[in-house]
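Participant: Here's the letter readout for the chains.
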Amino acid sequence: MRGSLRVWFTIVLLVFLHFLLHLGFGFGDVAPDLLTISLLLAAREVGMGTAAGIGFLFGLLLDAFSILAFGANTVAMAALGAAGARTRDLFVGDSFFFVVFYLFLGKWAKDLLHWLLVGEGLREPFFQALLVQSSLNAAYVAVVGVLAVTITNAWWESPR
Amino acid sequence: MSAYTTETVDSSGRRQLMATVVFLVAAVVISYLPASTQQHVAASLRGTVLRPFVATQEAIITVGSRASETAGLRRRVDSLVAVMTAEGALVEENRRLREMLELSRKVGPTFAAATVVRAGTTGSESTFLVDVGSTEGINPNAPVISSQGLLGMIRDVRTDQAVGMDWTHPDFRASAMTADGATYGVVESRRGLFREEDRLVLDGTAFHTRLEDGTVVLTSGLGGVFPRGVPIGLVSGQASAEGGWRKSYWLRPLAEPGVATHVLIAVGDSADGSMDLSPVWPGGAVMTEEQLAARDQARRDSLNALGDSLLVMKRMIADLAPRDGLGQSGPSGARPEVTRR
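Protein chains in written order, with my numbering: chain U, 1 to 160; chain V, 1001 to 1341.
Worth flagging that the hints you see were computed from the coordinates, not collected in a lab.
We treat Cβ as the ideally placed atom computed from N, Cα and C, and that holds for glycine.
Mixed in with the good hints, there may be bad ones.
Claimed, not checked - Label pairs and their calculated CB-CB ranges: (1) V:Asp1171 to U:Phe127: 21 to 29 Å; (2) V:Glu1256 to U:Phe91: 44 to 52 Å; (3) V:Arg1246 to U:Phe98: 28 to 36 Å; (4) U:Phe127 to V:Thr1209: 50 to 58 Å; (5) V:Gly1013 to U:Val132: 36 to 44 Å; (6) V:Val1022 to U:Leu5: 42 to 50 Å; (7) U:Phe91 to V:Arg1014: 20 to 28 Å; (8) V:Pro1034 to U:Leu116: 37 to 45 Å; (9) U:Phe9 to V:Thr1110: 21 to 29 Å; (10) V:Gly1192 to U:Thr150: 55 to 63 Å; (11) V:Ala1293 to U:Ser4: 32 to 40 Å.
Said to hold, decoys possible - Simulated coverage check for chain U against chain V, where a stretch passes if three residues somewhere in it have a Cβ under 8 Å from a Cβ of chain V: (12) 5 to 11; (13) 24 to 30; (14) 37 to 45; (15) 140 to 151.
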């Protein structure tokens, strides 16, 4: 239970930090996507429907600043939450490399979904948007995510 | 007992699956809601859960502005001492604010001053928040201008804030003309391979016209969205020539969205094309951010050189003073000995 509380504390902290860095301080892309990290962490703690609900709420918060692609983040985050929760049935996920790949692929998949949903007029070319920028962002998220769960011990102590 | 447990697990799994489907369907439905409903939801979130974060950025920008607005600081910046001692960021901020004040004085009360806040979240690229809304008379499609020229337009207006898009947004369009009024076209945003390469294109110009690099392109006022005479960019080469009947030109944008923190937004019906702002930006006043920064740097260098020259002249006069028997003491140290004798 203590481990679970630690995970939820980390999730709430990451959500708060995400909006503080991106919106409050206006760091933009310089700050990592902590919201996706927190969703991926939460998805390993709850069922598929609850994870989809959390993703839905997170996506809505992101879409609050989206004019022409409203809903793209909501769909992407809800689907990512559901998929993240599904991985619990497929992988034990107690190894370091799993955490790295889980965070990397989770972020990249979220960007892919968002890219597909925003529509042709708004999105950048596939190569630049996903192969370059998203890959770099996913690596950034993986590094920061591993650091976050290592510092807070929020991954390995959680009962699974 | 085992059958009962399995049934519980199964029903829980079914519930989770049902919840997943419900949330995914709800997310898809939200994507297809009317734009006004979507913006109502977005505004509600911005005004409640996300309000503290928006207020934080507003506060940071306001504190920065106030720091550079104080009269004492302005005097220091205006003085030779401040020019020699003040560092880039503060001087730059001060310069922008003074330009905005000057612009505000020129365009009059038809524009409201606003602070720009950028969300910095996924999907919010090319959009910004401003801290004025319908209370101040802001309407949708109101033009947003900086001291350099056209920055963008307002898309959604709420009571105390509004959401705008800058010229990098794919939906940005502005009817435009050259400063001499000889060539007309439509300016639109063109995505680069990366966002840093986003540029403007003046499209639809007549094939027989030829625009030289550096030609100033202004809003034409046609279409009734933007007032006439607001600078948009400088011609920077030909982009394409289609079918022998029209040409398009690359534009070097004058207003850079990334550095804009304070803007002016048209109030009420003043945004229509009948307003002419050409006198606000006379020919020599149209400059890019880089050119302005270079001019400012040149001015500082000139003042520094002047200060150095004055210092050298002062030393020379001080050195000459004892020999000429003038009553001024100099830094050479000879004067006290003369006095003792």
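Participant: Next step is simple, just say for each hint if it's right about the structure.
Facilitator: We went through each hint and held it up to the structure:
1. V:Asp1171 to U:Phe127: 21 to 29 Å: Cβ of Asp1171 (chain V) to Cβ of Phe127 (chain U): about 23 Å, so the range 21 to 29 Å holds.
2. V:Glu1256 to U:Phe91: 44 to 52 Å: The hint (44 to 52 Å, Cβ to Cβ) holds, given that Glu1256 (chain V) and Phe91 (chain U) are roughly 46 Å apart.
3. V:Arg1246 to U:Phe98: 28 to 36 Å: 57 Å, violated
4. U:Phe127 to V:Thr1209: 50 to 58 Å: 36 Å, violated
5. V:Gly1013 to U:Val132: 36 to 44 Å: For Gly1013 (chain V) and Val132 (chain U) the Cβ distance comes to about 39 Å; the hint holds.
6. V:Val1022 to U:Leu5: 42 to 50 Å: 28 Å, violated
7. U:Phe91 to V:Arg1014: 20 to 28 Å: 23 Å, holds
8. V:Pro1034 to U:Leu116: 37 to 45 Å: Roughly 23 Å apart at Cβ, these two residues miss the hinted range, so it is violated.
9. U:Phe9 to V:Thr1110: 21 to 29 Å: 52 Å, violated
10. V:Gly1192 to U:Thr150: 55 to 63 Å: 38 Å, violated
11. V:Ala1293 to U:Ser4: 32 to 40 Å: 54 Å, violated
12. 5 to 11: violated (count 0)
13. 24 to 30: holds (count 6)
14. 37 to 45: violated (count 0)
15. 140 to 151: violated (count 0)
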